[in-house]
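2 protein chains.
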Amino acid sequence: MAQSLAGPEIERLIQLLARVPGLGPRSARRATLHLMKKREELLAPLGEAMRIAAERIVTCETCGNLDTQSPCTLCHDQRRDESIIVVVESVADLWALERAGAIKARYHVLGGTLSPFDGIGPEDLSLPKLVDRIGGHVSGSTVREVILALNATVEGQTTAHYITDLLAPTGVKVTRLAHGVPVGGELDYLDEGTLSAALLSRTSL
Amino acid sequence: MAQSLAGPEIERLIQLLARVPGLGPRSARRATLHLMKKREELLAPLGEAMRIAAERIVTCETCGNLDTQSPCTLCHDQRRDESIIVVVESVADLWALERAGAIKARYHVLGGTLSPFDGIGPEDLSLPKLVDRIGGHVSGSTVREVILALNATVEGQTTAHYITDLLAPTGVKVTRLAHGVPVGGELDYLDEGTLSAALLSRTSL
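Quick note, the sequences are listed as chains A and B, same order. Numbered per our numbering, the first sequence finishes at 1158, counting up by one with no gaps. Numbered per our numbering, the second sequence finishes at 1158, counting up by one with no gaps.
Read the hints as simulated data drawn from the structure, not as lab findings. Honestly, I wouldn't trust all of these hints.
Just so you know, same-sequence chains aren't split out, so a pair can sit in one copy or run between any two.
Stated by the list, open to error - Below, computed lysine-lysine pairings styled on PhoX-like, alpha-carbon distance capped at 25 Å: (1) Lys1126 / Lys1057; (2) Lys991 / Lys1082; (3) Lys1082 / Lys990; (4) Lys1057 / Lys1082; (5) Lys1082 / Lys1126.
All chains, full assembly: derive it from the sequences and hints.
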């Protein structure tokens, strides 16, 4: 039906929008209609913003973050603690940690986690650069601590163990995120693993 | 936090995406991350598709539909029944009816419904053009029937009555969509108005 409904340009816009996470085929159609109505205020500026972003986004050569400059904004920021590197799986995790705003340090994006099942080995991750950074070959500074902010999944934990072994010769302090009850979480809904971890890591009041 | 996280180009992309229906501020951020990762396969083509659409989309001078040509694809289509005009409130409703594929006729997009509360009067709707089309001044053909496919809301029904009166002098047959039980709908969840309407319009088996 779509072919006879409107020009191929509109159909193509719908198909591309349907591939954006959060939009499916149906909401892409709805979104396209809205964009067509707001073509001056939204459609044209959005297209332009995408063109500019597509042109300028680069992967930071230091940490693997995505930005419009390399080294990225975070690697450039002199107010951040250079002696701490937070290792994350993806840029999405980096953004999530920045949203929390709990630490102002450097990051290192691995670009994945070890997953033999999916054929992802150490050579697919940004590990040599991490070792380099800790050795001070890249930044010239001395890194005191590496925080492994990886997912609490089998792959994430396997990767954490691998990195711990990899960094052992450098003598750098390696830590990981605490396990425990999520803030606002109800015990009744938590799995046994989390509850056991929260009990083991209990803190004094 | 967003300003220090990435360049202003990315922040602008997030803000514009957040205004797309179906995406909020949070999913716009997630969508942007995905687009940044797929900048060759998705971000750049999507930006280009939006630029082209923004440039080419026009309002059909005959029916008010949005398309990349005027008269639009539907007004051009010679296989459609020219003697029936389906009157809809918006292009979204036109698309919904086309999805159903129940009728291959012409459309007329009003661009709204009468709503004194919101200050929308007859002069804000595409009514003179509708009268013209029925009179045959525009298309040169004779319209036999006008189907009012308006929402079953107070505004939609008010508008339907207004158009019925407006078209009375032309002698054209004016019909409206049937009320009844939605296909797949359960009686238990339906309002009294719909049930009464469905009973009144019951059909023989």
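Hint-by-hint comparison with the structure:
no.	hint	in the structure
1	Lys1126 / Lys1057	within (18 Å within a copy, 71 Å between copies)
2	Lys991 / Lys1082	between (46 Å within a copy, 23 Å between copies)
3	Lys1082 / Lys990	between (48 Å within a copy, 20 Å between copies)
4	Lys1057 / Lys1082	within (21 Å within a copy, 62 Å between copies)
5	Lys1082 / Lys1126	within (17 Å within a copy, 76 Å between copies)
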